[in-house]
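Engineer: Please model the complete structure; the sequences and the hints are all you need to start from.
So the sequences go chain by chain: A and B. Numbering follows the working numbering, in which position 47 of the first sequence is assigned residue number 47; successive positions increment by one, without gaps. Numbering follows the working numbering, in which position 72 of the second sequence is assigned residue number 72; successive positions increment by one, without gaps.
Hints are computed from structural coordinates only; laboratory data are not their basis. Just so you know, even glycine gets a beta-carbon here, dropped at the ideal spot from N, CA and C. Some hints could be false.
[To be verified] Cross-link-like lysine-lysine pairs, in silico, DSSO-like; alpha carbons within 30 angstroms at most: (1) LYS233/A - LYS29/B; (2) LYS279/A - LYS233/A; (3) LYS279/A - LYS179/A; (4) LYS249/A - LYS29/B; (5) LYS179/A - LYS233/A; (6) LYS211/A - LYS15/A; (7) LYS249/A - LYS71/B; (8) LYS233/A - LYS15/A; (9) LYS249/A - LYS79/B.
[What the hints assert, rightly or not] Stretch-level coverage of chain A by chain B, calculated; a stretch enters the list once three of its residues show a Cβ under 8 angstroms from a Cβ in chain B: (10) 146-155; (11) 168-175.
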Amino acid sequence: MQNFVPRIWAIGGGKGGTGKSFFTGSLGFLLAEQGHRTVMVDLDLGAANLHTLVGLPHPERGIADFLHRRVADLAATIVPTPHPRLGLISGAMNNLDMPNIPHEQKMKLMRHLTRLPCDYVLLDLGAGTAYNTIDFFMIADLGIFVTTPEPTAIENIYRLIRSVYIRKIHQILKTHHFKLFAKEAEAHNPLATVSNPDVLLEIIARLDPEKSAALEAALEAFEFKLAINQLHKRDSRNIGPLICNIVGKHLGMNIEPLGNIIFDDRVHHAVCNRVPFLKLYPYAQTATQLRECCRQLLAANGAASAFQRVVN
Amino acid sequence: MKPFTQQNYYELLEVSPDALPLEIRNAYKRALALYEGNAIASYSFFTEEEREAILERLEVAYLTLINADAKAAYDRLTKRVVLGERKATPDRARQPVALYDFRNTAGHVPSPTKRIDSPAR
Chain A
1 MQNFVPRIWA IGGGKGGTGK SFFTGSLGFL LAEQGHRTVM VDLDLGAANL HTLVGLPHPE
61 RGIADFLHRR VADLAATIVP TPHPRLGLIS GAMNNLDMPN IPHEQKMKLM RHLTRLPCDY
121 VLLDLGAGTA YNTIDFFMIA DLGIFVTTPE PTAIENIYRL IRSVYIRKIH QILKTHHFKL
181 FAKEAEAHNP LATVSNPDVL LEIIARLDPE KSAALEAALE AFEFKLAINQ LHKRDSRNIG
241 PLICNIVGKH LGMNIEPLGN IIFDDRVHHA VCNRVPFLKL YPYAQTATQL RECCRQLLAA
301 NGAASAFQRV VN
Chain B
1 MKPFTQQNYY ELLEVSPDAL PLEIRNAYKR ALALYEGNAI ASYSFFTEEE REAILERLEV
61 AYLTLINADA KAAYDRLTKR VVLGERKATP DRARQPVALY DFRNTAGHVP SPTKRIDSPA
121 R
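Structural biologist: In structure tokens, the structure reads:
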């Protein structure tokens, strides 16, 4: 019998090095500090390093034990961290094939993630737009994108947002109908299923208004937050709201700015010492901004509607 | 949200219909800052052709709304479109019910026994 229904927050970004793991680690630390039982799951399977950020250089167990059936329940792979109420499921593993886990294993992993014995599950996702990354957004109650205010990172975050959006349309329509509409849309614009999902939606609205209305309702319930990390002094403070404005206007997707986290040299120092930044520098401006992000996420918690979980 | 391609000039510039010229000018500047070629926030989101089409549309919207005569003409046109849409799908429940249509009842005297609060049948 299932006793736990944790809230799942997925943290992702198109590009590596934007601070996804740092943000996840900080958020986990803050949630645990506020009394919430929190488990962070390192799903950056090819390049897992969240364990180092929370001061666990060699986690005894990890996702690999679950995927290789050494343990039957994913909850058995939770490793306690030095911080009360904060647990970690490490993605660090020796098998080089692990980044490409098969579909069945991914579904099994998703099912177990939704039953972890805690209040919050934070999924630290890898960079890129592979299905193995995007599908974890689909099971989350809230998706959080983390980017830096640089053209390279923004380019990749747009790619990720579009991929998540098209994957969601695919999931709602089911493969057969999606392929039919995609073929029609691609005849009008070859990029309809890559970078111009608005064309795809227009075609669906024209061909099947009933499905289009259901799709619109489901997409409206799809909710995301955007955090701008490593903001430098000369960067525009308004970059997050502008990105959200473009995504809202041109993709019709609900994405809200979560706030800016300014660049702080001392983050590097904290990482080198393998101690959470918030613990070393609790009164730094970056720490205050992280706390504000956490406060906003907790406030949005009640309003956020759970996505339809594809795993059941 | 209404698709971008279907948004009217006010929605494009994110101004209200009674916005002052200064507000319209500022809104246009904001939109340009979002869509112009070197804008970091829209970097890579659009192809060059898409970006040019958007900028062209924004310019038309701005030049229309900033000019009082052009704005009035646009408002008349959009109102007509809205009224035309309403005519196609009338909301009968909210319309007032006429007791007498004088064109149809000309020369006829209503029966004194007829209740005046009952609609004409």
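Engineer: Each hint needs a verdict: does it hold in this structure or not?
Structural biologist: Each hint tested on the structure:
no.	hint	verdict
1	LYS233/A - LYS29/B	holds (23 angstroms)
2	LYS279/A - LYS233/A	holds (24 angstroms)
3	LYS279/A - LYS179/A	violated (50 angstroms)
4	LYS249/A - LYS29/B	holds (17 angstroms)
5	LYS179/A - LYS233/A	violated (47 angstroms)
6	LYS211/A - LYS15/A	violated (34 angstroms)
7	LYS249/A - LYS71/B	holds (24 angstroms)
8	LYS233/A - LYS15/A	holds (22 angstroms)
9	LYS249/A - LYS79/B	holds (24 angstroms)
10	146-155	holds (count 4)
11	168-175	violated (count 0)
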